[in-house]
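One letter stands for each residue in the lines below.
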Amino acid sequence: MAEPILRVEHLSIALPAGGDRAHAVEDVSLTVHRGEIVCVVGESGSGKSMLAGAVMGAIPGDLKRDAGVIRLGEIELTALSEPELRKIRGNRVAMIPQEPIAALNPVVRVGRQIEEVFALHTDLPAAERTRRALALLADMHLPDPERIARSYPSQLSGGQCQRVVIAMALALEPDLLIADEPTTALDVTTQAQILKLVCELRETHGHGVLFITHDVGVVAEIADRVVVMRKGQLVEAGEARQVLLAPAHPYTRELMAAAPGMIPPPHRPVTGEHALVARGLTKTYGARQALGGVDLEIRRGETLAIVGESGSGKSTLARILVRVIASTAGEAHVAGVDMLALKGEALRDKRCAVQMVFQDPFGSLNPRRRVGDMIVRAGVLAGARPVEARRRAEELLELVGLSKAAFHRRPAAFSGGQRQRVGIARALAANPDLLIADESVSALDVSVQAQILDLLRDLQDRLGLAILFITHDLRVAAQMGHRIAVMQHGVVVETGPAAEVLTRPSHPYTQALLAPHRGGSWGRRWRWGEPLTLSPRRGERAG
Amino acid sequence: MTPAGRLMLLKPSAMIGLFLVAGWLLVAAFAPWLAPFDPLASLTPLASPGARAPGGGTFWLGTDLLGRDILSRVIYGARPVVGLSVLATSTAYLVGVSAGLAAGYFKGATDAILSFLASVVLSFPVLVLYIVVIVALGASYANVVLAVTFGSAPAIFRIVRAIALDIAGRDYVAASQAQGERAHRILIQDILPNAAPPLLVDYCLRIGYSAITIGALGFLGLGLPPPTPDWGGMVAEGRAMALAFPHLVIFPCLAISSLVVGLSLLADGLNAEGRRG
Amino acid sequence: MRETLTDLARRAGGLALTMLVVSFLVFLTLELNVEGVAVKVLGQFSTPDQRHAWLSENGYLDPFAIRYLRWLADFVRGHWGTSTYYHEDILKLILPRLGASAILAGGALLVMIPMSLILGVAAGAKEGSALDRSISLVSIVTTSIPEFATAVFLSAVFVIGLGWLPGVSTMAAGLSLRELILPVSVLALASTGYIARMTRASMAEVMAQPYIRMARLKGASPARIILGHALRNALITPVTVIMLQIPWILSGVMVVEVFFAYRGFGTLLYQASLNADVYLVEACAMVSVLAVVVSQTIADLIYVRLDPRLAPGGGRHS
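Residue numbers (the working numbering), protein chains in the order written: chain W, 221 to 763; chain A, 8 to 284; chain U, 30 to 347.
The reader is advised that the hints may include incorrect statements.
Okay, the calculated bits of chain W under chain U, using three or more residues with CB under 8 Å as the criterion [stated by the list, open to error]:
(1) 331-341
(2) 432-445
Keeping only pairs whose Cα atoms sit at most 25 Å apart, straight-line, the calculated BS3-like set for lysine-lysine is [said to hold, decoys possible]:
(3) W:Lys-307 / W:Lys-284
(4) W:Lys-284 / U:Lys-155
(5) W:Lys-416 / W:Lys-284
(6) W:Lys-307 / U:Lys-155
(7) W:Lys-563 / A:Lys-18
(8) A:Lys-18 / U:Lys-155
Simulated from the structure, these hints should not be mistaken for lab results.
Beta carbons are placed, not taken as given, at the ideal position from N, Cα and C, and that holds for glycine.
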């Protein structure tokens with residue numbers, strides 16, 4: 221086995237007194253070898269990012285390491301003074317940060333930001349620094365490195381910024397690369413390219429990689445070894461194959477089970493009456509077309525999942541259907557009425573027919589109102605008498621799995637997942653024909669995500685709801701959609717039963733979207749056209 | 008938490024501010040009971056601080072050129088400054104908040120027109136604006152209030168508009184719209200309560216600004232007609248003899264400074280408290 | 030380049046439109062009531078007959094719109110009329126006074142800019158430190174004291190107490206630096222605290238940004254982080270705000286000039302308003318608004334230059 225690059229031994233970091241737990245990281249040990257990718261996986265609050273910060277000697281000011289040793293090769297990092305650590309940072313240990321755009325100084329050209337690493341740690345002359353920076357950009361497969369080097373971060377895309385940041389990290393050939401959720405802020409297709417780049421660089425440069433992520437799919441893609449963390453503690457560690465396919469700890473099993481697989485349920489055609497028939501939905505902002513003539517049909521009891529990357533127009537579509545933004549053209553018939561043609565009083569009467577559950581659990585509930593009041597008001601606006609609306613609100617709270625006490629509380633008293641339940645209850649209070657869920661689970665941890673998806677499916681069965689489920693996450697779409705529609709640049713490029721779209725994608729864009737999951741899907745490696753029947757946990761990981 | 012409970016959590020500097028502000032409010036309210044002398048009565052001209060009054064009692068802060076007791080005039084002077092700055096700031100808020108909410112929520116032409124008007128008024132230096140109004144309409148309580156309202160409303164409008172624009176983009180507003188809630192109800196139920204904390208901070212600060220301008224107008228002799236005791240006016244009257252009798256001007260200056268410093272410290276404390284919780 | 034030109038044209042248009050509306054408001058407020066104008070020009074003790082004769086002689090009986098356009102045309106050509114108090118041509122009266130006030134305001138900016146930026150950066154670089162808290166507290170106090178009170182307090186110490194400085198700044202024997210010290214200090218004190226607090230907030234916000242953490246993780250020293258990464262970003266807002274302070278400084282200039290009997294633009298407008306010198310008030314109002322609008326346009330241009338995100342073509346292409 222290759223030499224160990226990083227050894228973390230019994231590391232503990234104390235949280236300030238009065239928090240919900242005493243330690244941000246508690247007694248964690250791990251090792252990264254040369255040429256190896258170790259993934260630290262965990263949900264929010266698991267302490268995984270704190271661990272990464274600790275290795276860099278950069279934990280927030282009010283926290284303190286109270287036990288443990290961190291060694292980089294032969295150097296004991298935890299014994300170094302701040303000026304000594306500075307010589308190591310960016311030089312022998314480098315970080316790839318979470319938000320590439322925010323991590324670059326907006327008023328400095330990116331070329332200079334890369335050169336800064338050489339200026340900080342070497343005596344190279346200016347011309348040589350510039351030459352090396354350009355060479356690094358070229359290594360990152362960035363087209364026209366001169367232009368990129370001259371650009372400000374705001375002139376580059378997210379993926380380009382991420383490559384710049386990786387170039388910066390690799391500038392001095394560090395022994396260890398720490399990647400903190402480096403792909404979370406990126407689109408699926410970009411994400412796949414960056415992961416590929418990370419693997420490729422590991423091959424050519426032979427550094428160790430400590431890769432922090434919440435995404436089991438990413439782990440499956442790149443990890444050699446996996447460390448699972450929860451609430452600051454190390455839950456399980458081992459070879460990727462073993463941890464993913466035969467997890468020993470119950471929490472790991474839960475995590476794996478909650479991570480949605482790419483396996484759609486068998487096709488169940490829904491034959492009810494139409495809840496929504498939309499034709500030619502169009503939205504233009506000046507010369508830019510956000511939505512270019514979208515046709516949709518959803519039946520009662522059916523879920524149509526709309527998949528697309530950011531900027532594909534899927535959220536514009538949702539907001540047009542609930543009439544929060546105006547469409548440029550098109551019609552949307554719900555219960556026989558064209559929602560988009562209504563105005564004034566007539567519109568207010570019919571609005572309850574289409575309701576929405578929003579993405580951000582923290583932004584979608586007015587922090588100043590009581591949960592009960594919101595749900596009651598939604599009922600009253602849909603035409604119920606106040607007494608009736610109140611009774612219904614209490615029923616709904618129970619239906620979405622919240623206690624009666626929730627009625628009198630304000631949103632601040634709830635977690636993200638609970639807030640989404642409140643949002644669902646509020647939407648249902650209007651008795652809608654169509655429920656739109658716009659990225660409603662993407663801000664949640666996987667385990668909570670799974671619960672909310674279960675709730676939505678359960679409500680659909682009970683109430684015969686038609687659901688328009690909007691997501692960027694193919695795996696979530698695979699789980700939820702009877703049918704899937706793929707959107708790109710404001711148009712639907714492909715639509716059909718979920719199993720068909722996922723297994724036999726006909727449009728090149730759908731194929732590109734699915735590509736990262738091909739073979740990377742941690743259930744088993746599958747190929748186009750191959751039936752997806754094996755359950756993820758019992759399957760075998762090829763390769 | 009109750010508003011009173013929140014006040015208890017303020018940092019020490021803010022507690023001092025609260026103490027100063029509450030003190031001046033009480034002084035203004037109970038001036039007739041607190042003032043040892045009639046503020047308009049001529050007693051002993053230019054007595055020094057601490058001198059005995061002819062009819063018994065002490066001129067704690069001395070007397071002015073006309074023999075009026077300065078302490079009593081400072082106490083009575085709190086009334087127009089505190090009263091007018093609160094009144095004028097409140098009317099300015101009424102105008103600024105309504106216009107700002109409308110512009111931030113409805114956007115479009117409403118916003119364009121209101122924003123342009125605000126930028127026009129804001130391109131006047133405040134004192135110049137007040138002078139134009141007062142030269143045209145004359146100096147009186149009502150015109151001072153009018154001038155301050157006219158001068159402050161556009162700045163308030165800009166703040167409210169920015170906050171309303173931000174909140175109008177939140178999903179809970181979209182949710183209310185999707186339910187068929189009417190605009191006025193969304194403004195009152197969703198936008199205004201969430202805009203309130205920063206506005207409260209600004210309100211405190213702005214009462215201070217208004218007090219400064221009202222004081223400056225008094226100092227320039229453009230504020231309230233004499234012989235009403237007002238702090239700025241007292242400084243203007245005493246300025247000619249200030250070299251020989253500094254007490255004529257020092258005390259009214261201390262009065263207005265402590266009031267405005269108090270308001271600013273309180274605003275700062277509320278701001279810090281708002282960001283914390 | 031083309032974008033820059035259209036941008037400039039757009040700004041110039043906006044500036045002209047603002048000035049047009051301002052001129053209308055000023056004229057409307059001061060000259061709508063023609064009787065009032067006659068009283069102000071001819072004095073309290075003129076007879077109604079005299080006033081009527083004067084009004085018809087000077088075209089005041091024409092419709093309002095015509096009077097406004099005539100006034101505007103005169104104004105644009107620099108015919109600003111004669112002051113009824115000073116009995117002098119207004120343009121000739123204003124120009125030297127503007128110069129005198131510019132010295133005062135310029136002196137104040139010269140003191141205020143470096144002081145406020147240094148204090149603000151020092152406070153914001155380590156949010157919550159003792160230095161931060163004391164700078165913030167002093168800033169709050171100095172901005173809260175009205176100019177005339179600051180002038181009183183400083184005079185009490187340096188004129189009455191120590192006898193170091195003169196109490197008036199009439200510049201009777203030509204420009205005297207000694208006489209400038211007090212008025213400039215008063216003006217600078219009032220604005221320094223405000224800008225320092227603004228700078229502090231901006232600096233503190235920047236120090237919390239991911240790119241500052243990134244610079245640290247690259248191995249940069251605290252000094253390099255502040256000078257090389259934080260400063261340029263943190264100064265964008267305050268530098269702009271300094272230009273937006275101009276209207277406040279102009280208001281302060283007026284109080285300070287009156288207090289120290291300094292013969293500048295502020296005392297001119299003050300005398301004009303005390304004596305109901307309508308034409309002079311109009312001209313002074315227009316000039317001060319022009320100064321504000323121009324300074325705000327410059328602030329906008331500086332802002333765009335400092336922040337590459339706002340430059341033409343600097344926006345994200347996604």
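Point to revise | Hints violated by the structure (numbers, ascending) | key: 2, 5, 7
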